[in-house]
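With the hints as a guide, dock the two chains, each given alone in a separate frame, to form the complex.
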Amino acid sequence: MAAGPYNYSYIFKYIIIGDMGVGKSCLLHQFTEKKFMADCPHTIGVEFGTRIIEVAGQKIKLQIWDTAGQERFRAVTRSYYRGAAGALMVYDITRRTTYNHLSSWLTDARNLTNPNTVIFLIGNKSDLDAQRDVTYDEAKQFAEENGLMFLECSAKTGENVEDAFLDTAKKIYKNIQDGSLDLNAAESGVQHKPSNGPRGANLGGESSGNKDPCSC
Amino acid sequence: MDPKYIEHDAYTMFCQIMKTVEPWYISKELTSQQVHVRKLSLEPFSKQHDVSPSNAIVFKLARIHDHLLKRFDPELRKCLEDNDIIPQFYGIRWIRLLFGREFPMQDLLVIWDALFSDGLSLDLVDYIFTAMLIYIRDQLISRDYASCLSVLMRYPPAPDIQYFIDLALHLRDPKHYQKPVSATFMNHAPRKSGAVTNEPVKSGESAKRTSVISKFSFKKERKGNERPNSLLVLNSTLQENALSSPDDRYQKRKSSVPTPILSSQKISNFSKFPSLSASSTNLAIPNDSLYQNNSNLSILNQDSKPPFPSGSLSTPIQSKRINHSAKKITTVDREHAILTGRLKDKEILINFCSLQLNEHIEKLKKPYKEIDLEDILRNLSKTRDILNGTIKLPSNLLEKENVPRVNPIKEVELRNVNNSQNLE
Chain Y
1 MAAGPYNYSY
11 IFKYIIIGDM
21 GVGKSCLLHQ
31 FTEKKFMADC
41 PHTIGVEFGT
51 RIIEVAGQKI
61 KLQIWDTAGQ
71 ERFRAVTRSY
81 YRGAAGALMV
91 YDITRRTTYN
101 HLSSWLTDAR
111 NLTNPNTVIF
121 LIGNKSDLDA
131 QRDVTYDEAK
141 QFAEENGLMF
151 LECSAKTGEN
161 VEDAFLDTAK
171 KIYKNIQDGS
181 LDLNAAESGV
191 QHKPSNGPRG
201 ANLGGESSGN
211 KDPCSC
Chain X
1 MDPKYIEHDA
11 YTMFCQIMKT
21 VEPWYISKEL
31 TSQQVHVRKL
41 SLEPFSKQHD
51 VSPSNAIVFK
61 LARIHDHLLK
71 RFDPELRKCL
81 EDNDIIPQFY
91 GIRWIRLLFG
101 REFPMQDLLV
111 IWDALFSDGL
121 SLDLVDYIFT
131 AMLIYIRDQL
141 ISRDYASCLS
151 VLMRYPPAPD
161 IQYFIDLALH
171 LRDPKHYQKP
181 VSATFMNHAP
191 RKSGAVTNEP
201 VKSGESAKRT
211 SVISKFSFKK
221 ERKGNERPNS
231 LLVLNSTLQE
241 NALSSPDDRY
251 QKRKSSVPTP
261 ILSSQKISNF
271 SKFPSLSASS
281 TNLAIPNDSL
291 YQNNSNLSIL
301 NQDSKPPFPS
311 GSLSTPIQSK
321 RINHSAKKIT
331 TVDREHAILT
341 GRLKDKEILI
351 NFCSLQLNEH
361 IEKLKKPYKE
371 IDLEDILRNL
381 SKTRDILNGT
391 IKLPSNLLEK
401 ENVPRVNPIK
411 EVELRNVNNS
421 QNLE
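Going down the list, the sequences are from chains Y and X. For the first sequence, full-length UniProt numbering gives the first residue as 1, with consecutive numbering after it. For the second sequence, full-length UniProt numbering gives the first residue as 1, with consecutive numbering after it.
Okay, chain X solo, but in the shape it has when bound (with noise of 0.2 angstroms):
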């Protein structure tokens, strides 16, 4: 890029962003008939829907809500329609101004950087608005209509921005982005000490979430945080995106977050390891292995910032450490996928197990003479089996993606009754 032409290339990359964003904006007008006739139709129903759904941000709404929170997080779906809760109220503001007023600017370029480099349709867009929904869903479950417009119009201060963009990208490609294990530590990793706090297998217990109100505080803790200019970003990015694989260009981008320097104490809070509680709890995953992964991931966002010019990559000892962690990085990367791999495939074991537990258990419920008892011992006998590893689970259902699943954020579900505050 020719510094002489920085402000042509802004200006023209706006042109783009905002060809993209345009009919987020436009809201048809209706005529005063059209309302009348709607407003006539929608009298017998009491749900709320907008009275033009001919404009794009409406239907955009729509589909996210219908489509991408009703698969990822029903219940959180079903809680904001039965307080009649449309996604119009805050999701507008949310869309037209690309999350520009629910987060500080430090953080919102690390959204924007994930979204235009991600390409100019700003799919995104959808997977992150999904994912920042669910990020609240302890604030917004079972909570009532005020409470919930005030969370929602008022955005809660997110510790770690990139949290975000790890959800929306695993929403959005399960198979090669990895759901995010925690709202914080991958990227908090203390700077010089070559001890790790994280605790990423802990018990049920510490599993859980930590209350949102610790999440507050750690925000402040941020605030001093240098970013670098945000039009180097924005160029360095597109010149990733035309350079390299998806998976790589995200590995880069993951890397150049800001990593604030924080106590050991405050990181350890934040650990937690939702995807590994409850179900899966059983799986004998060597806690050894995540553990060292997880050390080393740090390593590389202490060190490596590639295509950023910044200041930490000068001396040749760290560059040399860079040479030899990237090595370690990626046999641990290739260990991580494996055992991500495989517990994913024990997920749709265990899940197919229950089905066809439950099958046979409905089975059974049935008057004596209707009951076909060989063939229930048959099935039963083989889910044992197949429990039992003796017999492998049909290869068919391992390759579908769709498989009834537990929920996977039910997992982490903790009813923070404490939450009140005074939203009221």
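One chain only, chain Y, in its complex shape (with noise of 0.2 angstroms):
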């Protein structure tokens, strides 16, 4: 995170989803910390995380939004949708019912972001294979079904997690490279090269410097 914070190309928003419970939280926070959160709180509305990625020899910034599970907070969350380049559908392979509410996150994923937009299937918690009440098989049709790309994770040993956030930003990369993917659309949930310093730096010195001396 501390080599040359703002020496990066490109910024892909990402989000993750899924049902409560099913590690969402604990996915960012190793992938952003490469530490594994043991008794992680919920989440309450959403979470943000950054980390600097290299992709092709390019330095890509990732902001990922972390929603919340809970059915209650759906609603809301529903705008957090908005402009995401890459979505983490996470499951928990221990636990039947999260991998049956796949379609509807799906439904709201493809419903509520650009068609352009990757999402990438984690069947995570497979450090707990003895528990094991999703197979790999077929979850990994059901993404093939669906044009999802698919990996097992574990959030807690870090196996894979780092490969799912590299894989999508990959695929992400390679769609812009084809021109699939409009960087300048609105909602692409990519921005390309920002200027040296953050964006609005320029603006709020500004305006505050010529408020300051008639500000009456």
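Simulated from the structure, these hints should not be mistaken for lab results. Note that the structure is a prediction, hence the values are computed from the model and not measured. Note that beta-carbon positions come from the ideal geometry of N, C-alpha and C, so glycine has one too. Incorrect hints may appear among the rest.
[What the hints assert, rightly or not] Derived pair list, reagent style SDA-like, types lysine to any residue, alpha-carbon separation capped at 20 angstroms: (1) X:60 <-> Y:44; (2) Y:35 <-> X:154; (3) Y:34 <-> X:154.
[As the list claims (entries may be wrong)] Pair ranges (Cβ atoms, derived): (4) X:17 <-> Y:54: 45 to 53 angstroms; (5) Y:159 <-> X:11: 40 to 48 angstroms; (6) Y:184 <-> X:19: 48 to 56 angstroms; (7) X:70 <-> Y:140: 50 to 58 angstroms; (8) X:84 <-> Y:34: 23 to 31 angstroms; (9) Y:33 <-> X:71: 35 to 43 angstroms; (10) Y:129 <-> X:11: 37 to 45 angstroms; (11) X:121 <-> Y:147: 46 to 54 angstroms; (12) X:15 <-> Y:42: 20 to 28 angstroms; (13) X:84 <-> Y:166: 22 to 30 angstroms; (14) Y:166 <-> X:11: 49 to 57 angstroms; (15) Y:97 <-> X:173: 44 to 52 angstroms.
If you want it as structure tokens, here you go:
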């Protein structure tokens, strides 16, 4: 995170969705902090994390939104879908219900994001293989039928977590390269080459500078 | 309160609170058709609005942004708006959990005491929300989207929790609650020493905000602090609620805040007088009286812990001191109120005059023939006389609350570029 915070060429917006307790926040934490959060509190509303990664020699900043899984928060979380370049859809391999709800999450994701949003299916808690309730093969098949990328991960051990986030970025980057993702579209979820300073830095500075002398 | 029924009472109080809080948890699920329709209608707008503005929490948040924040810190609101940061991103959690994730437990109890004793409507929530935003404004303004969100989503440790309450009360009712002077020193005066280390009126340079980083380091010093039993606190605040006027109640509660022992150097780090900087430094406020006032307030904080069962009140010498200092406090408080009033009047006067000057400068910019020199001259002389003090300000101006005025927050602005930290 420390190396040249502004040295990135793209910003990708990600969202993480899925039922309550499947480990969305833990995946985010594992990816951004490289640590497992053992007793993670319920997400209320939304959480946010960033990390800079490298794809094909390009530095990409990921802005990751981690949404609340509780059903009652879904009406609010819908607004977070807009403008996502990548969506990580998570279920818990030890709880079949979380897998059964995937089609509803997928509907949300499809309806509320743009057609180019890369959706990545994650079967979390792969460390708990003994309690497995959803087989790898059926999830793989579901992913293929719906054109999703798929991996089983463990936020606890960190297995495949990097890959899930990185593969999503690679796919988005590929979409940019082959022109299928239009960067100028308002909700592409991708920003190219931010200027050296943060966006709005000059604006904010100027406006306050102007106001001060005659702030009556 | 009968100790036998503590559990019952706690449950009843909990239910009462949850009744108020309930609507903030309910969000109507829209049917997919509605979502579709709304999605279509939202398409042309680039600004992010929630898909279901029908629910209470979103309304509440929008109201805070569009009314309170707009009124008290328009610049900050504009900055958030320009960054497309809607209050739902961070505010849902702030409000639903009554700031439970934003502050450590001991601080949270202070906030909750203030909220619950203020009335069942929890009306103060909106103002504390606004105060929290204003407190971190330097870390939000002129920063990019991700930095802003990181600060908002992980609220930085605050050295003085009382500041938020003081500022919230001030924002809601500026006539009765004075703007808190700093984020710290009032409640952090050293316990045993007569010498007060605060340096209330400082030169322009030091009156600026201390850097946020130093506030952070301050935080750790407080960890060991013990809080009174929370139930007892609730109990006594409820009693106070019934017995005393809002002001008294507030004053008492204020003194209940734990006063950690700190090195004097730390405290002076945090002393600052933002409200006296910039526009008002030339108002010739006798430094001594303000100084004295602060020192007396700190006596209050050291010695009187009225309604709470606490060991610090036990000796007779101490209670004598309380009586003595209580008298002192009332006189000093009165003086203080008068001075604050005068300050405010001066501020209104200055703003009035600058408006006048501005207006006439504009008039002078017009083509020569349209200028009514006589009128302008008359008005300018009047303005001069008001400034000189030979003419009084039209009294109706002093009554009005919404006289256009210098945004007080501006006075403490400090563009601290070093704050970049490693939020990226």
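Of the numbered hints stated earlier in the document, which are not met by this structure? none
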